[in-house]
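Protein chains: 2
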Amino acid sequence: MTTIRAKIAQRALAPGERLPSIRKLSATLEVSPSTVVEAYDRLAAEGVIRPRPGSGFYVTGSSTPFALIAAEPNLDRAIDPLWVSRQSLDIGAGAFKPGCGWLSAEWMPLDAIRRAMRSLSRCDSAVLADYGPTHGYPPLRQLLARQFAAEGLAVGADQILLTSSGTQAIDLLCRFLLQPGDTVLLDDPCYFNFQALLRAHRVKVVGVPMSATGPDLDRFVEAVKTRKPRMYITNSAIHNPTGATLSPQVAHQILVAAAEHGVTIVEDDIYADFEPDPSARLALLDGLSRVIRIGSFSKTLSAGLRCGYIVARRDWIEGLLDLLVATSFGGPNPVAAALVATVLQDGSYRKHLGDVRRRLARRRTDVAGQLAGLGIVPWLMPRGGFNLWCKLPGHRDGGAIAMAALRDNVVLAPGNVFSVSQSSPDFMRVNVTQMTDPHCFKVLARVLAEPN
Amino acid sequence: MTTIRAKIAQRALAPGERLPSIRKLSATLEVSPSTVVEAYDRLAAEGVIRPRPGSGFYVTGSSTPFALIAAEPNLDRAIDPLWVSRQSLDIGAGAFKPGCGWLSAEWMPLDAIRRAMRSLSRCDSAVLADYGPTHGYPPLRQLLARQFAAEGLAVGADQILLTSSGTQAIDLLCRFLLQPGDTVLLDDPCYFNFQALLRAHRVKVVGVPMSATGPDLDRFVEAVKTRKPRMYITNSAIHNPTGATLSPQVAHQILVAAAEHGVTIVEDDIYADFEPDPSARLALLDGLSRVIRIGSFSKTLSAGLRCGYIVARRDWIEGLLDLLVATSFGGPNPVAAALVATVLQDGSYRKHLGDVRRRLARRRTDVAGQLAGLGIVPWLMPRGGFNLWCKLPGHRDGGAIAMAALRDNVVLAPGNVFSVSQSSPDFMRVNVTQMTDPHCFKVLARVLAEPN
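Those sequence lines, one after another, are chains V and W.
Going by our numbering, the first sequence opens with residue 3, and the numbers climb by one from there.
Going by our numbering, the second sequence opens with residue 3, and the numbers climb by one from there.
Honestly, I wouldn't trust all of these hints.
[Unchecked claim] Cβ-to-Cβ under 8 Å is the rule here; a few derived chain V residues that face chain W:
hint	residue
1	Ser106
2	Ser123
3	Ser166
4	Leu376
[Stated by the list, open to error] Every beta carbon over 10 Å from chain W, so not counted as near; a handful from chain V, in silico:
hint	residue
5	Thr30
6	Ala131
7	Val208
If you are wondering where the hints come from, they were derived from the structure by calculation, not from laboratory data.
Being a predicted model, the structure only gives us computed values, none of them experimental.
Even for Gly, the Cβ is constructed at its ideal location relative to N, Cα and C.
One chain only, chain V, in its complex shape (with noise of 0.2 Å):
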């Protein structure tokens, strides 16, 4: 019963198809016919499913929701692509958070984003109150623009697109490049967001290793060859979960094969800000002919403002923006884009960055110090940002370490949630900013103590 409701929640098993025979699906499952007589039976009972005389069960046309994950909502829910997100959003605020993937508001630049706030409670009324243009609110664009252009990529500020999130642009641009069926590449770990993100897109993910400069080449090249995706999607510097920096030769050979197969690229470069001096892009080599890059100012700036951005060739952005403009009628609302904007150009935040820079390396020092105290080891240590990707001691399996710590109300991220293939269960994403109260170390610690 659970099997064949799983299928229908996920419809793979859609309204008005018929089900397995009872033969064939006893022999699947290794059960007893009668096993499955029972099943179906109980099934139609609950009108889940219906009996056609001589022609075996169909799936009934009711309303069943298409479930992205088929987990409950609960402290016990599966430990799955989106349990993470969900757990660091929802626990409330007296629970530690060393899984969730920010920074939290004292990390934020407040006293510039009240001074903006002020500022724009004595804007024009359009700001407030109106619509604004389809591309999103143009000073912000066309700083932006600039930005882009002193780090060498020449764009008009008609080539940005502003978006509620980095996660709505990369869903905007998977409804604009795939239909569902398509494979796309993922760096395997990658960002656990992205999976979720491409089951709502129905399509097929395949993972490419990681290593400490970018994905595994020869692995990649394979997958390129073999399993014709359509689009691959990375973060280049400061790679979330591992930290690895994308070196220069790797990205070359990206684009090359990228550029013989027809594969598009999407370079995801939330964390380019917490990067010492700029490494290795994708978007940079290539100029923007088949690498889409989007960002947001989510990771330090403020993480409730939502506004990203898409930055892409000129020939796309009118079919984006009909996407933009059907499935949401717009990207950020024109206040949030106007405080970001007036944000940036304060004075104060270039300096705000750099003290950020400043104290978060020394806090990953500072932690992955502690973490070996407990046998837990970063698999490198990043140029920048607030995360280690950590091996757990004795082939520990982070999910059950996360479930467990989970009842002392502190929220981890197990491994295997940001792999595609499964092959890091004895992985753990540690951001070292909410890494510091010792109630996240003594729960760590008696948690690795108990029995596997």
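Starting from the known structure of chain V, fit chain W onto it as the hints suggest.
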């Protein structure tokens, strides 16, 4: 070439798919085989298609994006369901927009918004710079729950999900309830963006003609029986564009038919606050069993703040939250939601709404009178709101008139952008608040005087 290119852009021809044979296509298009040979050769030279010796031509695997609407970004863009939105949002400050679907900033409670911003500049730093809970800013959800309870719809705040717009709310519900190839019922005419949005979901759309009291009931029941739709999307109060009001009898019969055939109903209630007193509601009668209510604050509070909501049965919320996190990492930003909540609680807001309703009633009468002078007649006089659905004199084509008016900086909303069956060519939706400048009437008079 245009035909093939459009088919590829709209994914009617997928990458890797074989093109029709030269003989077959020349017969279909009624052109000579040599014309097809030339077109195929040119497309092959461009790399759009690729010959395989002895086997014909194939669509290449290159990154051909999905085109929601195959159109070019300029004044001459074909009039399609996105035409009015894109023109209204992007035309620039000097233009006149009787075709646009919202109130401009001077109709909004600007003083209350400015007060709310000043008060928020002093608020808790978490609201300014941290993610909020996945459901959305709790005080706004609690406030909405109390408001719905007062209307007779008892819901918990946990049944309310904040989104960044009414459109995002419907988009999320489509993701939750539909899969490609499903059928959706719409009113004919209906809000044009429903059609654009449903194209993005690759579903089939069936229109049911509107009457002054809701959809034509016989046609509705027939469509539900024969077309087996999974969803019906409608506005019950002050229907867009017609201004119709759902009667209690039609509401009841719709629910009976929907229950019999397993149809889920999305009731888009964004015009509720314009009603002098509440009319029949599907969500209220049904008690959220198969009806989902959505709304937003874009029409009466601020079009720019981007905050909407979903009210749905409790067992659907978790699945919706998973999709919301996966595709946009949440709904509106906490700042926008807090601004909305603060304005809703401001003592002046209720009075503001009363004033707006009175001003709109006068304006509807005035503009209807002026339009009558041009032979333009409302289909009915709505109970509230800012739209008049008007019949043009002498079977004039609304699309041609809108194109002509745009050259004089006037954006109109021609009837057929609202019509699923393209059966409203001689209609036009007029926003009475944007139809005040004599320039609009002058342009309209001149364009109507031109030969059809």
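Each hint tested on the structure:
1. For Ser106/V, the suggested interface contact is upheld, since its CB lies about 6 Å from the closest CB of chain W, less than 8 Å.
2. At its closest, the beta carbon of Ser123/V sits 4 Å from a beta carbon of chain W; the interface hint therefore holds under the 8 Å criterion.
3. About 5 Å separates the beta-carbon of Ser166/V from the nearest beta-carbon of chain W, less than 8 Å, and the hint is met.
4. For the restraint placing Leu376/V at the interface with chain W, the shortest Cβ-Cβ distance is roughly 28 Å, beyond the 8 Å limit, so the hint is violated.
5. Non-interface status of Thr30/V relative to chain W is upheld: no Cβ of that chain comes within 10 Å, the nearest being about 24 Å off.
6. A Cβ of chain W approaches the Cβ of Ala131/V within 10 Å, the least distance being about 4 Å, so the stated non-interface status is violated.
7. Residue-level check passed: Val208/V sits 15 Å from the nearest beta carbon of chain W, beyond 10 Å.
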